[in-house]
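A.B. asks: Here are the chains, one letter per residue:
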Amino acid sequence: MTRVAEFSVDRIQLLDAAGVLVGDSPDVARDRNRVIDMYRWMVLTRAFDARAIALQRTGRLGTYASSLGQEAVAVGLADAMERDDVLLPSFREHGAQLRRGVTMNELLLYWGGDERGSDFSGARHDFPCCIPVGSHAPHAAGVGLAIQLRGEPWVAVCVFGDGATSKGDVYEAMNISGAWTLPVVFVASNNEWSISVPRSAQTACETLAQKAVASGFEGVQVDGNDVFAVREVANRALEKARSGGGPTLIEALTYRLGDHTTVDDASRYRDDEEVGRHWKQEPVARLRAFLTTTHEWTREDEETMIESCHAEVEAAVEEYLATESQPVESIFDYLHEKLPSAYAGQRGMALGEEGDR
Amino acid sequence: MTRVAEFSVDRIQLLDAAGVLVGDSPDVARDRNRVIDMYRWMVLTRAFDARAIALQRTGRLGTYASSLGQEAVAVGLADAMERDDVLLPSFREHGAQLRRGVTMNELLLYWGGDERGSDFSGARHDFPCCIPVGSHAPHAAGVGLAIQLRGEPWVAVCVFGDGATSKGDVYEAMNISGAWTLPVVFVASNNEWSISVPRSAQTACETLAQKAVASGFEGVQVDGNDVFAVREVANRALEKARSGGGPTLIEALTYRLGDHTTVDDASRYRDDEEVGRHWKQEPVARLRAFLTTTHEWTREDEETMIESCHAEVEAAVEEYLATESQPVESIFDYLHEKLPSAYAGQRGMALGEEGDR
Amino acid sequence: MNPASADPGSTDTGMNMVEAINHALTSAMVADDSIVLLGEDIGINGGVFRATDGLQARFGKDRVRDTPLSEALIAGLPVGLAAMGFRPVAEIQFMGFIYPAIDQIVNHASRLRTRTRGRLTCPMVLRAPFGGGIHAPEHHSESMEAMFAHIPGIRVVIPSSPARAYGLLLAAIANPDPVIFLEPKRLYRARREPVTDDGRPLPMDHCFKLREGSDITLVSWGAMLKETIEAADMLAGEGVEAEVIDVATLKPLDMSTILDSVGKTGRCVIIHEAPLTGGFGAEIAARLACEGLMQLLAPVERVAGWDTVMPLPRLETRYLPNVERVLAAARRTASYS
Amino acid sequence: MNPASADPGSTDTGMNMVEAINHALTSAMVADDSIVLLGEDIGINGGVFRATDGLQARFGKDRVRDTPLSEALIAGLPVGLAAMGFRPVAEIQFMGFIYPAIDQIVNHASRLRTRTRGRLTCPMVLRAPFGGGIHAPEHHSESMEAMFAHIPGIRVVIPSSPARAYGLLLAAIANPDPVIFLEPKRLYRARREPVTDDGRPLPMDHCFKLREGSDITLVSWGAMLKETIEAADMLAGEGVEAEVIDVATLKPLDMSTILDSVGKTGRCVIIHEAPLTGGFGAEIAARLACEGLMQLLAPVERVAGWDTVMPLPRLETRYLPNVERVLAAARRTASYS
Ligand SMILES: Cc1ncc(C[n+]2csc(CCOP(=O)(O)OP(=O)(O)O)c2C)c(N)n1
Ligand SMILES: Cc1ncc(C[n+]2csc(CCOP(=O)(O)OP(=O)(O)O)c2C)c(N)n1
Ligand SMILES: [Mg+2]
Ligand SMILES: [Mg+2]
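Residue numbers (the numbering used here), protein chains in the order written: chain A, 32 to 388; chain B, 32 to 388; chain C, 2 to 338; chain D, 2 to 338.
Isolated chain A (complex conformation):
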């Protein structure tokens, strides 16, 4: 019996649950403005989430998936990315999308059931939300291949949940990214639940990071409620990919503090006690504690920021609510570059109805 291969998974944390630095202090932590900036994106994301849920409850938004508790994964990741990197989000990365220039109005339009919400005015190369879980992972490989073929220094960043790691297409995409040394960073945002299925029922693996072993590249765990650690690990993975080192799988350990979506009722399948425990780990309070102890963040600073975030959200909501639906012909007009004449009759009928009413 000969040992032919060995593998390991490391975990990285820089800021503990109390907001105290435990590892090497990253540069960014010393830069007050940078920390405040990251903090603001997290606070804004949370404010946006709360407002979106309220809109849904009052019938003015569709089913919505909140990212409550997962803000550090999204913001830390996006903060590490370059503008020309390409984000391929799942459906819970609002913080990353906002940070990269997707507007709140666009997010609301998307979740409000309007395709224009995916026609980002900024972040023009980023992919829209991906609802069929994990099905965007192959796209990330394709984006990575495009970048590689052009010899550009950019990276495709693909984010999905713990549940998604059970999908065959996620595996196929990771495998080819390894085989072709593609510039892709895969991020498994492990919030411990796939709707009602706990992470432990999803796979026998002790870590999700080790899923990378099957694709021949590195997997690493990070405290996903620690924005510094997320940013650090993302930075390393991005740099590796940029410099031709191929893909990395980052498992970000976080927790879904809210329901799966606005139509879910998490109390059916998990204890308040568990949720309560995780509130003590959550990323926003943690970073606020760090700011307070390290960068003299005051209650006033906090209140000012919260107010400005709310104002920003409100402005977006107003814009959203004032946005008229697209006309019915839009159903046809983006189907192909040019509508095949075979469908002209249907388009006419759809418009005709308009008149009937």
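No wet-lab data here; the hints were simulated from the structure. Predicted model only: the values in this text are computed from it and were never measured. Even glycine gets a Cβ: it sits at the ideal position worked out from N, Cα and C. Check each hint, because a few of them may be wrong.
As the list claims (entries may be wrong) - If we take Cβ atoms under 7 Å as the criterion, some of the chain B residues that face chain A in the derived model are:
{"id": "1", "residue": "A36"}
{"id": "2", "residue": "V51"}
{"id": "3", "residue": "L52"}
{"id": "4", "residue": "S56"}
{"id": "5", "residue": "S197"}
{"id": "6", "residue": "E203"}
{"id": "7", "residue": "A210"}
{"id": "8", "residue": "C236"}
{"id": "9", "residue": "Q241"}
{"id": "10", "residue": "K242"}
{"id": "11", "residue": "Y374"}
Fit chains B, C and D with the ligands to the supplied structure of chain A, relying on the hints for placement.
C.D. replies: Just chains B, C and D with the ligands now, with coordinates in the frame of chain A:
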């Protein structure tokens, strides 16, 4: 940075390329009759393969996938299995199928394009060949679940190639087998080629055994041209599964000495030199050398066996060639348990044609 | 992405479709130990629509199993289970996620019996909610039943009422071959009706005549029967008596019921949510052109979804056929001469 | 599972269909750097049918790429590549293995433009050989084009001759939206014909009239046009002039060419290999029942594969429609009164 998980892959070999025992001598190697029995199945498989190719070349068989060079994987595995274990083969495990009681006539019927070839008179619970690569892996999980639910001591054994390890459904099946601790043994018969695509282009992994790490169970490499080692590793994995220990992935290192199938021309994509090198590792000569040096296997013994194998093959070929096709209505009669009346008209038309001719 | 909950009611107040499905599953599982349910979130959560509510508590975790998030597997694992003598009933959470399962349906479930000449069989049911009208997120509102109805060796069944959901699901589970059971989610909670929870299956391979009439035949299935019946009622007010046929089993198709009706009325409108081109309405219209041509007094009309991607909720109602479109087509057809 | 090899010939002796495809790929790749080929065994092996023979040697490993054995990926990766401005042409080795790719086609490729209101687009081609008649192993002979023709947002194109394969593949590659390009493998080496290798696409969305006639319209696509034309020739001997239409682009369907023809002949037989029920013939027959009813002088007939699993080679010829079946249907239809 904390190390949170470690994994390793071991390789097992008992008989070296020269037929010399290098590891602990397994019991079976000391039992002359048992060794001869295994040897005979390997020789028979090879004789069958050669005859099947000849039949194809003369238009009396369809496209055929030879197992030349891979006989030890098939036979070692089947030898370790219990009758009530369930084999889910790919399309190159003729040796395992034969050893488990599928008749040569059935194999010929299958490859000759007759469904009765999958209606095994023996091995009633074994699955038929699986052509869509890797798509039988989910079935293996299902068979494993059936066994587990019934509390039986059997095991589902699923064999596929190196190429198949890139398929998402193979991954999904391995993952659930790990999560549910199912009694399944997965065998990746790594013959280094997936038609023209070398193993190295299939994945960045250094071993295929490590694919198991992504599903949270053990992966092990074995010299697939060493029937003792295959049998030994299979035994261990089967015992583990039988006793509730869950799945194992066995990577059997072997080589496809022939073309991919009778319609392939391997000289388009690989060197004779490479093939020549692998002929020196091949399993039949290796076991013969062991038999000769250890169990006084003589040239006469060899000739007698080869003759009897050929005779057995010939008898099957005759039976096969004498088998009439099923009547046209068989196209309908196995579609559902009872043909829905909606299709009665079509069945009549198909039969009617019969009359027209 | 999972709608609001409700606990399955009892028979006295009637049942809605989700409750009927829940009762059918219960009844089947009580009667037959070999039935195993599998799917995402079907356990403690009872399914995102609550179709399996309470079943894990009642039948245990062995028989009501949450799977990992793996649709190819959710279709493929039951093939192995069924071949070994179990009767798996698997749930795909939404039809929008069923596509990775098609490989297993086409290449395995549908042909295990054929391939092995009956040695191994595949008595499995694959359930999936489908269709629009509940303002669901992207990929949650499509109707692609026609893709399945083209696959040889399977049945495709779509209920249109609680009672038919109950009886047809029992029939599907009892069937010795694979059945794709598609549930129009818009109907899940749309209506309650008395359902006798007696474990009695309804016949598959059989259309249901929901309304008698001699002037025109309206053929539909699933959720669109709602609009179809509404239209029929309005037509009656205009003096046009419509016969309404619920196809129910798309494959194999009971064409004789439809042909008989059209033989009587001479006029036919087919209504479905799915995109027009290659929708299952095409098969029915084709059969009329092939086998019922000389009975036709007017061109067949199909009222269907557009040949476009299903829009997000804001324009959803502009995609789905509505009563007006059904009525307009029926009026044209009824008055054609 | 991969048929015998042959090296693509030059134009002088004519080309068979594989060669024509090879030349079309070459021509497109010379003209447009953004074209990348992907698939299993398409590199040094040139594809199991040799459609990509010599292309890796000519265009390099960057542009002609052997993928791992991962069909979901072979459809999904090009979506990402296309969104970034490339024009991927991916090959699925056989249609029997295309099913894991359907998810990417339905949920992504077909709707990337719609979803993003044109911000991201998906100019990709997915090629796959399909159909029976070459005595191939299990799962290698099916015809499931109808599943694709029902998906909104894509084109489905099927050539029936070397020249049309050449021109239509060029059109598919040049098209700014996704195209499923299905190649009838029975025709790959069936016939050579002169093909001008001039890089000129043929129009998609357009039926080809292969034979003029005024007595009956025979509509088919792909491999069955062989039997259809043979039948037409025999009918001519019987005094029946058949118009033969090659649908070529199934989606979007050029129904006006078919309606015009049937307007003239009043009689129509549709021929395809795929199972009858829900086959694409249904759509054409349905359109006749809807839009051409009053022109019909006889019931429409469909000659198709049975609604069964495709049998293994020994009974394959008893499954595939043959000239006799086409003739019998055409005679019935032509003489109907
Ligand atoms: C392929 C697919 N199957 C099922 C669903 C329904 N669904 C939506 S989200 C979800 C759970 C996803 O869990 P995870 O990947 O952990 O992401 P999270 O929601 O926790 O962010 C499921 C099953 C889906 N959207 N896509
Ligand atoms: C899903 C699928 N894709 C493609 C094919 C065509 N094909 C048949 S065998 C094969 C290669 C398989 O390689 P491997 O898994 O290593 O098995 P081996 O043939 O070497 O035994 C391919 C691509 C197939 N049968 N199934
Ligand atoms: Mg999760
Ligand atoms: Mg191989």
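A.B. asks: Given B:L52 as an interface hint, is its Cβ closer than 7 Å to any Cβ of chain A?
C.D. replies: 14 Å, violated
A.B. asks: For the restraint on B:V51, tell me whether the closest CB of chain A is nearer than 7 Å.
C.D. replies: B:V51 check fails; min Cβ-Cβ to chain A is 17 Å, beyond 7 Å.
A.B. asks: Would you check whether B:A210 satisfies its interface hint, that is, whether its CB is within less than 7 Å of any CB in chain A?
C.D. replies: Hint on B:A210: holds, closest Cβ of chain A at ~5 Å, below 7 Å.
A.B. asks: Hint check: is the beta carbon of B:C236 less than 7 Å from a beta carbon of chain A?
C.D. replies: 4 Å, holds
A.B. asks: Would the stated hint for B:K242 survive a check requiring a Cβ distance to chain A of less than 7 Å?
C.D. replies: 4 Å, holds
A.B. asks: Would the stated hint for B:S56 survive a check requiring a Cβ distance to chain A of less than 7 Å?
C.D. replies: With Cβ-Cβ at 14 Å, over 7 Å, it is violated.
A.B. asks: Hint check: is the beta carbon of B:Y374 less than 7 Å from a beta carbon of chain A?
C.D. replies: 32 Å, violated
A.B. asks: Hint check: is the beta carbon of B:Q241 less than 7 Å from a beta carbon of chain A?
C.D. replies: Given a least distance of 5 Å, the restraint on B:Q241 holds.
A.B. asks: Against chain A, is B:S197 within 7 Å by beta-carbon distance?
C.D. replies: B:S197 check passes; min Cβ-Cβ to chain A is 6 Å, inside 7 Å.
A.B. asks: Using Cβ atoms only, decide whether B:A36 comes closer than 7 Å to chain A, and label the hint accordingly.
C.D. replies: Holds, about 4 Å.
A.B. asks: Could you check if B:E203 really has its C-beta closer than 7 Å to a C-beta on chain A?
C.D. replies: 5 Å, holds
Hint compliance for this structure: hints 2, 3, 4, 11 are not met, and every other hint is.
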